[in-house]
Structures are given as C-alpha cells and as structure tokens.
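Which chain is which? The protein sequence lines are H and L, in order. Just so it is clear: in the first sequence, position 72 is 338 by my numbering, and no numbers are missing. Just so it is clear: in the second sequence, position 135 is 643 by my numbering, and no numbers are missing.
Hint data in this document are derived by calculation from the structure and do not stem from the laboratory. Quick caveat: nothing in here was measured; it's all calculated off a predicted structure. Virtual Cβ for every residue (Gly too), placed ideally from N, Cα, C. Any given hint might turn out to be false.
Among the chain H residues that face chain L by a calculated CB cut under 8 Å, a handful are [said to hold, decoys possible]: (1) Ala321; (2) Val334; (3) Pro335; (4) Phe336; (5) Glu459; (6) Glu479; (7) Pro481; (8) Gly511; (9) Glu519.
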Amino acid sequence: MKRRDFLKGCLISGAAASLGVPSKSLAVGSFEGYPDAMGILVDTTRCVGCRSCEAACNKEQKLPEPDVPFDDLSVFEEKRRTTEKAYTVVNRYEAGDGKDPQFRKMQCNHCNEPGCLTSCFVNAYTKTREGAVIYDSKICVGCRTCMVACPFNIPAYSYSSAFNPVVKKCIFCYHTRLKYGKPPACVEICPREVLTFGLRSDLIKIAHERIRETPDRYIDHLYGEKELGGTSWMYLAAVPPEKIGLDETVGNEPIISNVKEFLGMVPMVLTIWPALFTGFHLLATRNKDHGADHHTHSEQEDGKK
Amino acid sequence: MQTKRFWLAGMMATVLLATVPGTGRGITIPDTVTLHSQSKLYEPFVFPHAKHILIVKECSNCHHHTTGTLVQDPNCIRCHRNSSETAVVSCKGCHLPDAFTATAIKEKNKKIYHRDMPSLKAAMHQSCIDCHNKMKQGPVGCQDCHVYTKEGAAFYNSGEFAPKKKPAKGSHGGH
Ligand code: SF4
Ligand code: SF4
C-alpha cells in the first residue's frame, strides 16, 4: 500500500482502515500531495506588515472583533500566535546585520501529510484534493491532540461553548473560496502580492526562478517545499528561516512517521473515546464554571513567548 | 481609471516631456492617473504622474522596456536590450487586475517568460513602496495615500469602528 493510499484510507474509511500498513512504508517515499493541489507562495521579502491579510481573514471567516484596529501597528511589539479569534497573524522580526525588519504572516501551512489529521482520534480532519486541511467541528471533541501534534503550533480552541470546545484554525477559505477555485481572502487583499496563489507544483518552479533571477534578494531555500513532507504554504525569505520564526529543526519527515505507534491505539480509542470524552468534559466543565474565563486567558499567555 | 491631460506643469515639464519617447507619435502622457476609482474600501486617489516624470526621469524605472528607453534590470536586458517602444505602456495594459482567476493561472502555466507577473495592484505597490523606501522620500504607510471609505474603516475596525473595550496593557491575546 502506498502512502497516498494510506492517506486516502484515513480520509475515506477512518484511521482504523490503515492498521494493516507496515510501519516502514509510512516512513519512506514521499507523498507530494494531490497533483492538482493548490498552494500559496509566501514571499516574505515583499511583506510590509500592513496587516490587511489579518483584517480580510477576520471578515471572511466572521471572526470576533479584534482587540485593537487592524491598522494598529503596535501589535508588532510582541510575537503573536494564531488564536481562535485570529486564524492568521503577522509578526515582525529584527533581521540584524543592518537589514530592515522582516515581516511574516503565519497561519496553518496545510501540510501534505498533516500531523493534526493523523493524530486526530475521531477523524475530524480532511485533506482536500485542492490542498486544504479542513475539519468538521461537529465531529471534533476538543481533545487538543492536534494542537500538540502540529509542528507549527497552529490549532487553537474555542471555549465559547463550555460543552463543546472545538478546534479553530485557518481552513484556506475552503468553503467560501478554494472549493470554487478562488484564492483565499488574504491573498486577494494583499497589496504587495506577498501571497501568490497557484498550483503547488507551479509555485515551486516560480519560487526557484525568483531565487535564480534575484539571488541577492533571497536565501537559497524554499521553506515548506520539503519540510515535514511538504506543505501547501511555502516561504521565500531574505534571511534564514529561524530568523523569521520558522523552525528549521522540523526535518523533512512528515509527522505521520512519529505518530505511527500512536495510531495503534486508534481502534480502541475510536470506540470508547467519544463516550469517555463527553464524560470527562462534563466533569471538567462542571468544576470549572467560574475558572473558564481565566483558563482561556492563560492559554493565550502560554502561546506568546 | 480616467486620465487627464492639461499643461500646467510649467516650462520645465514641457521641456522634459518633449524628450519623452512617444510624445512625438502623439501618445498622451497623463499628468495624473486616478487610482482606486472602483474601490469599496478607499476613496479615489490621484497619482501625480507629471511630478514623477520630473523626479525619476528614467521611464524604464517603472515602465520596464515598454517605452523603448534603455532597460536596467539585468533580467529584462537578456531579451529586451534593443526592444523598441510597445503599443501599450500603461500599467493596466499588461498587469491583470486579478491575477488569480482559474484562467489566469492556466494561462500563466503556459508561459515561458513573464509568467510570474504581479497583478496590477501588486505591481504598483511594489514599485511605489520599494522606490520610496530606496529614495527615502515619498509615502510608504497605507494611509499616507489611501483614505478609508466608511466601509474601509469598518473593514479595518478603525476610526469610528475601533474596538470599544481597551485590552489590558501589553495584552493582545486573551479576550
Ligand atoms: S500546519 Fe499544523 S494544523 Fe496545519 S495542516 Fe500542518 S499539522 Fe495541521
Ligand atoms: S497583506 Fe500582504 S503585505 Fe500586508 S501584512 Fe499581509 S502579507 Fe504582508
């Protein structure tokens, strides 16, 4: 069985279907993503930190009112992370060496082999053929496993309903745009075309072409082309990835290789988990009626180091 | 986008414009170009073209090889060293207003050259801001050029639409 089939198996008939797969075959070869998968090339050298993409995301996804206006640039004083209220945030990084500060938009990278998807016990996640990693909040039990599994620290949780905490993250505007062949809202609004929307395979060519044509502008690396088995969102930069908060230690192996042992638990978990979790949750929320607000807050605090 | 032509730029501009290619062939060079006339989020914005001709002088800095003057970008020179003036010189003549429609993407895919051409909006913002940064003059902030419409202010949660409750000092996360 090929990895691709494996992934399909996950999608179609649940993770349990994949159990017979010898674990070796999971760790070798590479799933390049669906052939007609779309992607975004993020050229961080073009970003001026205007935060229009954040505003567009907020409106498109009907997210709650922000804390400060989207044209308030004081937010750059700290490093923010994605939250249940903001599926994308732009951060500023001091590049040093007399270079101008760099800006990078962050959001879900829509991995070819998503750690969130493979770690999810209840199969709430789907990798669509267009490349988006989406989730069904009706299925999500709010267990936060995907949050731990994501190498980019992306999924956040909404606690607005105490009985049904659900995952919240960028979905590539799948339901309102991508499905219809349209680029996400952030791409459309970006004044500098930091975000180029296209077939992932084309974007890889375009990215390398940009590096070749203007070698002084870029370091010779397309982050996300190979990392973690490849991601739909890929980054070009003037500085090494870690300078703009992109983890270089993630390696090129997809997360799936790390969680395969974990998957062995799935059938058992699948049968008892929902019931178990509902129970847990009832208990937890009952005891925490007053603490709920505070809890949310400390989650946020954790994220912004 | 409407273009206007009036000769108010004075002697200096007249002299300079006379040396600009195309004028001899009766091509109109607009003194101003009104941008954003269709925009929902911003008021229309008048780009002072004549002023830029006076300051920049070299047409190819913005118009690439289309004006028939010497191109400077080493990547353009590879093909356009001796290119003459093209029929279309304006930005919107080549740069698409929407670069990411399915057809645009398919079309792009077939091209060998110019396949990575930015959209109209991006071409302008890249040209303007990069040059203003480099020359250390001219506006670089969004609102230095663009004035919100009511819808624009709402979109950015700005001005009268600014969030009411002030977050605790130093906290942007939370609630
Ligand atoms: S970036 Fe994280 S949340 Fe997004 S697809 Fe990859 S593992 Fe999942
Ligand atoms: S809209 Fe574009 S230029 Fe503005 S912050 Fe987002 S990515 Fe950067």
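Now the hints, each set against the structure:
1. Ala321: 5 Å, holds
2. Val334: 6 Å, holds
3. Pro335: 4 Å, holds
4. Phe336: 4 Å, holds
5. Glu459: 3 Å, holds
6. Glu479: 5 Å, holds
7. Pro481: 11 Å, violated
8. Gly511: Cβ of glycine 511 of chain H sits 16 Å from chain L, so the hint is violated.
9. Glu519: 31 Å, violated
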